[in-house]
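Keeping their order, the protein sequence lines are chains A and B.
Each step along the first sequence adds one to the number in the working numbering, with nothing skipped, and position 98 is 98.
Each step along the second sequence adds one to the number in the working numbering, with nothing skipped, and position 17 is 17.
Please keep in mind that the hints were generated in silico from the structure rather than gathered at the bench.
Just to be clear, a hint being listed does not mean it is correct.
Cβ-Cβ distance ranges computed for the label pairs, FRET-style [what the hints assert, rightly or not]:
#1 B/G123 <-> A/E93: 51 to 61 angstroms
#2 A/F76 <-> B/K170: 22 to 32 angstroms
#3 A/F76 <-> B/K93: 53 to 63 angstroms
#4 A/D2 <-> B/W11: 54 to 64 angstroms
#5 B/K161 <-> A/E93: 52 to 62 angstroms
#6 A/K60 <-> B/N208: 52 to 62 angstroms
#7 B/R267 <-> A/L70: 22 to 32 angstroms
#8 A/D2 <-> B/K93: 39 to 49 angstroms
#9 B/G97 <-> A/L222: 50 to 60 angstroms
#10 A/F76 <-> B/P214: 33 to 43 angstroms
#11 A/F145 <-> B/K7: 41 to 51 angstroms
#12 B/R8 <-> A/K60: 56 to 66 angstroms
Derived DSSO-like pairs: lysine-lysine, alpha-carbon spacing no greater than 30 angstroms straight-line [claimed, not checked]:
#13 B/K93 <-> B/K154
#14 B/K161 <-> B/K93
#15 B/K134 <-> B/K170
#16 B/K161 <-> B/K140
#17 B/K249 <-> B/K271
#18 A/K182 <-> B/K134
#19 B/K71 <-> B/K125
#20 B/K139 <-> B/K71
#21 B/K140 <-> A/K182
#22 B/K154 <-> B/K170
#23 B/K93 <-> B/K125
#24 B/K63 <-> B/K74
#25 B/K125 <-> A/K182
#26 B/K125 <-> B/K154
#27 A/K182 <-> B/K170
#28 B/K249 <-> A/K182
#29 A/K182 <-> B/K63
#30 B/K170 <-> B/K7
#31 B/K271 <-> A/K182
#32 B/K154 <-> B/K7
#33 B/K140 <-> B/K93
Cβ coordinates follow ideal geometry from the N, Cα and C atoms, glycine included.
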Amino acid sequence: MDFIVAGIAKAFQLLFQGDRETYSAVLATVQISSLSMTVSLLIGIPLGYCLGYFDFPGKKGVRTVVDTMLALPTVFIGLLVYAFISSRGPLGELGLLFTLSGIAIGQTILALPVVISLTATAVESLDRSLRLTLLSLGASGRQIFLTGIWEARLGILVAAVTATGRVLTEVGISMMVGGNIKWHTRTITTAIALETNKGQFATGIALGLVLLAMAFAVNLSLSFLRRRA
Amino acid sequence: MLHLFRKRLGWIAGVLLLGGVISQPVHAGEEPLLLATTTSTDDTGLLDYLIPQFTEAIGITVKWVATGTGKALKLGENCDADVLMVHAPAAEKDYVGAGFGVNRRQLMYNDFVFIGAESDPAGVKGQGACASLKRIMEKKAVFASRGDNSGTHKMEISLWKTCTGGIPEKQPWYLEVGQGMLATINMAAERSGYTLTDRGTFIKYEANYDGNPPLRIVIEGDANLINQYSVIEVNPARCPQAKNERARKFGDWLVSKEGQDAIGNFRLLDKQLFTPNAGE
């Protein structure tokens with residue numbers, strides 16, 4: 001139990017004494033999650049909109065597949081990505097293994113189903129008469145799309161927050177694809193895994209609290225968007 | 001309201017994109033040499049101590065991935081690493097024989113030791129490796145195994161086979177942990193059981209507890225327990241992308257007087273963890 005208390009004290013120490021290894025891990029985590037979230041939102045929101053808005057044959061099947069992908073274990077995704085970007089794999093030439101970009105690719109795969117599924121739900125719960133109203137006002141397809149996104153913004157915000165949470169906390173992909181290389185691909189989560197494996201529980205707790213602080217900062221900034229907009 | 005929302009959204013999008021852009025690799029020089037190695041060389045702090053000396057002397061930067069020996073060998077096979085530092089001589093010889101690695105050179109050794117709780121539930125203290133394993137099996141004392149194809153795991157398996165005819169698989173007292181050495185030691189400590197570890201990691205474990213750890217050495221010095229480390233270059237004929245010239249320089253430095261002295265001078269709690277033995 002005392003390692004939890006020791007961990008809280010250590011968290012402050014690591015953050016405010018500017019521990020280089022900790023800040024290196026924080027920077028790595030920020031870089032990969034920014035990249036993976038940007039890409040998954042850019043691709044996922046339009047796809048989720050289409051899934052929620054349009055009716056097409058096999059819609060239920062597609063939705064079920066996307067929802068199933070919400071259950072992809074991170075180690076599994078890590079293994080798949082490794083198979084592709086390993087030197088012997090089809091994308092080996094790109095030199096993505098053991099790099100931050102490689103991890104970001106895996107995390108994008110992790111986040112996409114979350115964004116698509118939750119956006120689709122948000123769009124589906126829009127008022128049915130919205131479309132007719134917009135059409136009667138002379139809106140183009142693009143305008144209907146943008147207005148729909150605007151109307152569903154709170155649900156889409158939930159999608160973004162959930163996906164960010166998933167991406168910030170995963171270990172399997174970072175470990176497998178990144179290799180946990182100190183100063184290069186060691187993220188907060190892989191650092192926690194390493195320290196706890198070494199029995200340094202207080203450091204593990206400390207790093208966990210640092211991660212929570214980061215997540216809090218992210219959600220605080222997102223909460224400004226939620227305010228009576 | 002929409003205007004304000006758009007402004008805030010714009011800020012967030014900007015920050016996201018900036019974050020994404022910063023993460024693009026900046027090639028301020030050549031790619032570092034990639035070393036695949038075991039958890040014992042990393043956890044003990046040997047690499048943190050040794051590699052900066054190598055970089056200072058020869059000017060080559062090194063990144064290393066520390067996993068079990070099994071995975072390190074696999075990374076070399078898949079051409080995902082340039083050079084390996086592992087400790088499983090039988091597997092290494094097969095590896096070189098199969099053409100996955102070249103220029104295997106002995107580097108350093110320490111020994112394996114059995115550790116267990118002070119209370120010594122199976123009463124193995126002071127006996128040889130084989131006698132002890134038999135007693136552990138008889139008394140069904142908890143034994144934590146690496147279970148991960150690492151060098152230590154392979155040594156442990158060979159001991160079970162030699163001494164008792166086979167691995168006590170699926171026995172409730174035999175815990176196949178599947179993780180690194182320190183994690184396995186911690187599991188043994190939790191259950192007041194035994195485990196096999198390399199002396200280097202044990203000294204690190206001791207240091208973590210300021211010299212007073214829950215598990216102590218119960219058996220050491222058995223002739224079977226030598227732990228030999230070697231450096232192997234990934235075969236450039238199979239892996240044209242492997243940075244073989246630099247891998248060779250890495251190995252050359254490690255077996256040179258400078259490298260061997262550095263290895264011999266590495267201390268924790270005033271104890272030497274690895275004994276250099278290149279060229280012997």
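Verification of the supplied hints:
1. For B/G123 and A/E93, the hinted distance range of 51 to 61 angstroms is satisfied, since their beta carbons lie about 59 angstroms from each other.
2. The supplied range of 22 to 32 angstroms is met by A/F76 and B/K170, whose beta-carbon atoms lie about 26 angstroms from each other.
3. A hinted range of 53 to 63 angstroms is violated for the C-beta pair A/F76 and B/K93, which are about 34 angstroms apart.
4. Remark: the range hint 54 to 64 angstroms for A/D2 to B/W11 is contradicted by a beta-carbon distance near 42 angstroms.
5. Hint check: B/K161 to A/E93, Cβ distance near 43 angstroms, so the stated range 52 to 62 angstroms is violated.
6. Under the hint 52 to 62 angstroms, the C-beta atoms of A/K60 and B/N208, about 55 angstroms apart, fit the expected range.
7. The given range of 22 to 32 angstroms is broken by B/R267 and A/L70, whose C-beta atoms sit roughly 51 angstroms from each other.
8. A hinted range of 39 to 49 angstroms holds for the C-beta pair A/D2 and B/K93, which are about 47 angstroms apart.
9. Between B/G97 and A/L222 the beta carbons are some 57 angstroms apart, a value that agrees with the proposed interval 50 to 60 angstroms.
10. Against the hinted window of 33 to 43 angstroms, the Cβ-Cβ separation of A/F76 and B/P214 comes to about 36 angstroms, which satisfies the hint.
11. About 21 angstroms separates the C-beta atoms of A/F145 and B/K7, a value inconsistent with the hinted range of 41 to 51 angstroms.
12. Roughly 36 angstroms separates the CB atoms of B/R8 and A/K60, a value that falls outside the hinted 56 to 66 angstroms.
13. Distance restraint check for B/K93 and B/K154: the Cα-Cα separation of roughly 14 angstroms lies within the 30 angstroms cut-off, and the hinted pair is therefore satisfied.
14. Between the alpha carbons of B/K161 and B/K93 the distance comes to roughly 20 angstroms, so the proposed pair stays at or under 30 angstroms and holds.
15. Between the alpha carbons of B/K134 and B/K170 the distance comes to roughly 17 angstroms, so the proposed pair stays at or under 30 angstroms and holds.
16. A distance of roughly 17 angstroms separates the Cα atoms of B/K161 and B/K140; the hinted pair therefore holds under the 30 angstroms criterion.
17. This hinted pair checks out: B/K249 and B/K271 have alpha carbons roughly 29 angstroms apart, not beyond 30 angstroms.
18. Distance restraint check for A/K182 and B/K134: the Cα-Cα separation of roughly 41 angstroms exceeds the 30 angstroms cut-off, and the hinted pair is therefore not satisfied.
19. As the CA atoms of B/K71 and B/K125 are separated by approximately 33 angstroms, the hinted pair breaks the 30 angstroms bound.
20. At most 30 angstroms may separate the alpha-carbon atoms for a hinted pair to count; B/K139 and B/K71 exceed this at roughly 33 angstroms.
21. Straight-line distance between C-alpha atoms of B/K140 and A/K182 comes to about 40 angstroms, which puts the hinted pair past the 30 angstroms bound.
22. Taking the CA atoms of B/K154 and B/K170, the gap is about 18 angstroms. The hint holds against a cut of 30 angstroms.
23. Of the pairs offered as hints, the one joining B/K93 and B/K125 is violated, with about 34 angstroms between alpha carbons and a cut-off of 30 angstroms exceeded.
24. Annotation: proposed proximity of B/K63 to B/K74 holds, straight-line Cα distance about 17 angstroms (limit 30 angstroms).
25. The straight-line distance between the Cα atoms of B/K125 and A/K182 is roughly 39 angstroms, outside the 30 angstroms bound, and the hint therefore fails.
26. About 23 angstroms separates the Cα atoms of B/K125 and B/K154, which keeps this hinted pair within 30 angstroms; it holds.
27. The straight-line distance between the Cα atoms of A/K182 and B/K170 is roughly 36 angstroms, outside the 30 angstroms bound, and the hint therefore fails.
28. Using a Cα cut-off of 30 angstroms, the hinted pair B/K249 and A/K182 holds, with the two alpha carbons roughly 22 angstroms apart.
29. With a C-alpha separation of about 8 angstroms, the suggested pairing of A/K182 with B/K63 holds against the 30 angstroms cut-off.
30. For the suggested pair B/K170 and B/K7, the alpha carbons sit about 61 angstroms apart, so the restraint of at most 30 angstroms is broken.
31. Using a Cα cut-off of 30 angstroms, the hinted pair B/K271 and A/K182 holds, with the two alpha carbons roughly 26 angstroms apart.
32. Of the supplied pair hints, the one linking B/K154 and B/K7 is violated, its CA atoms being roughly 60 angstroms apart against a limit of 30 angstroms.
33. Among the hinted pairs, B/K140 with B/K93 is inconsistent with the structure: their alpha-carbon atoms are about 35 angstroms apart, more than 30 angstroms.
Hint compliance for this structure: hints 3, 4, 5, 7, 11, 12, 18, 19, 20, 21, 23, 25, 27, 30, 32, 33 are not met, and every other hint is.
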